[in-house]
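On the provided structure of chain A, position chain B as indicated by the hints.
Those protein sequences? They're chains A and B, same order as listed. Residue 5 in the working numbering sits at position 5 of the first sequence; the count goes up by one each step and never skips. Positions in the second sequence are counted from 1; adding 1000 to them yields the working numbering.
The set of hints was computed from the structure by calculation and includes no laboratory data. Hints should not be assumed to be uniformly reliable.
Said to hold, decoys possible - Straight-line distance between alpha carbons at most 30 Å, and here's what the computed BS3-like set of lysine-lysine pairs gives:
| # | chain 1 | residue 1 | chain 2 | residue 2 |
| --- | --- | --- | --- | --- |
| 1 | A | 13 | B | 1102 |
| 2 | A | 57 | B | 1073 |
| 3 | A | 57 | B | 1055 |
| 4 | B | 1070 | A | 57 |
Unchecked claim - Sample of chain B residues lacking proximity to chain A, with all beta carbon distances greater than 10 Å (derived):
| # | residue |
| --- | --- |
| 5 | 1011 |
| 6 | 1042 |
| 7 | 1043 |
| 8 | 1058 |
| 9 | 1060 |
| 10 | 1067 |
| 11 | 1086 |
| 12 | 1101 |
None of the values given here were measured: they were computed from a predicted structure. Every residue, glycine too, gets a C-beta built ideally from N, C-alpha and C.
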Amino acid sequence: KAGVTQTPRYLIKTRGQQVTLSCSPISGHRSVSWYQQTPGQGLQFLFEYFSETQRNKGNFPGRFSGRQFSNSRSEMNVSTLELGDSALYLCASSFTTGDGYTFGSGTRLTVV
Amino acid sequence: AQTVTQSQPEMSVQEAETVTLSCTYDTSENNYYLFWYKQPPSRQMILVIRQEAYKQQNATENRFSVNFQKAAKSFSLKISDSQLGDTAMYFCAFMLTMGFQKLVFGTGTRLLVSP
Chain A
1 KAGVTQTPRY
11 LIKTRGQQVT
21 LSCSPISGHR
31 SVSWYQQTPG
41 QGLQFLFEYF
51 SETQRNKGNF
61 PGRFSGRQFS
71 NSRSEMNVST
81 LELGDSALYL
91 CASSFTTGDG
101 YTFGSGTRLT
111 VV
Chain B
1001 AQTVTQSQPE
1011 MSVQEAETVT
1021 LSCTYDTSEN
1031 NYYLFWYKQP
1041 PSRQMILVIR
1051 QEAYKQQNAT
1061 ENRFSVNFQK
1071 AAKSFSLKIS
1081 DSQLGDTAMY
1091 FCAFMLTMGF
1101 QKLVFGTGTR
1111 LLVSP
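Same shape as in the complex, but just chain A (with noise of 0.2 Å):
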């Protein structure tokens, strides 16, 4: 079965441009998850959502933002891009609570 599809792959974006990543999770999970991953920061949890509601936020500012479709795809939107901004984006689904999530192969962002 097809596994959790991000695209693109990579993107290079100015500072103050917005973007959108996109995840189509694997059919039938319907809890998606976003993560930034950096080499200083390392993974940290962005949002949760579960049947278009997010039920879940971690600690980023306002200019990120995402949502959920009817079909469980997602989209992530980063507005006002920062340098700092620049990282990989991995999206993440699973079918039930504490099944252990499938990740997809991310979003390389560079903000120059």
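Chain B alone, transformed into the frame defined by chain A:
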């Protein structure tokens, strides 16, 4: 707040040998899940093994097994018969499930398997 500590930034092992990666965590909750994830250079995070805190039996998946000590809040990963393909970053992660799911990751251990 929950925290996960991996005290070994890097480890090396030779092919066919056994290696143990350490992980400790801190929580006041009683019901939770623990995971080990592997992240090879391809960067995709792969679930290696999963442990439910209410199960005393240690989880095993082929060459991978854990030593789960709930009272000590310790969750180490043992890799037997190490293979070159085991070379990767290994992350220990903790998950509470309280109406939402959120993984808290350790800082990772870089494992190098050499011939």
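For each hint, the structure was consulted:
The hinted pair formed by residue 13/A and residue 1102/B meets the criterion: a straight-line CA distance of about 28 Å does not exceed 30 Å. Distance check on the hinted pair: residue 57/A and residue 1073/B sit about 26 Å apart at the alpha-carbon level, within 30 Å; holds. For the proposed pair residue 57/A and residue 1055/B, the alpha carbon gap of about 29 Å is at most 30 Å, so the pair holds. With a C-alpha separation of about 28 Å, the suggested pairing of residue 1070/B with residue 57/A holds against the 30 Å cut-off.
At roughly 18 Å from the closest C-beta of chain A, the C-beta of residue 1011/B stays outside 10 Å, upholding its exclusion from the interface. Not every Cβ of chain A is farther than 10 Å from the Cβ of residue 1042/B; the closest lies at roughly 7 Å, contradicting the non-interface assignment. Distance check on residue 1043/B: its Cβ comes as close as 6 Å (rounded) to a Cβ of chain A, failing to clear the 10 Å threshold; non-interface status is violated. Look at residue 1058/B: its CB is around 16 Å from the nearest CB on chain A, clear of 10 Å, so calling it non-interface holds up.
The beta carbon of residue 1060/B is kept farther than 10 Å from every beta carbon of chain A, the shortest such distance being approximately 15 Å. Chain A leaves residue 1067/B outside its interface by the beta-carbon criterion, the shortest separation being 19 Å against a cut-off of 10 Å. Every beta carbon of chain A lies more than 10 Å from that of residue 1086/B, the smallest distance being close to 18 Å; the non-interface claim holds. Distance to chain A contradicts residue 1101/B as a non-interface residue, since its nearest Cβ pair spans about 6 Å, not more than 10 Å.
The structure shown violates the earlier hints numbered 6, 7, 12.
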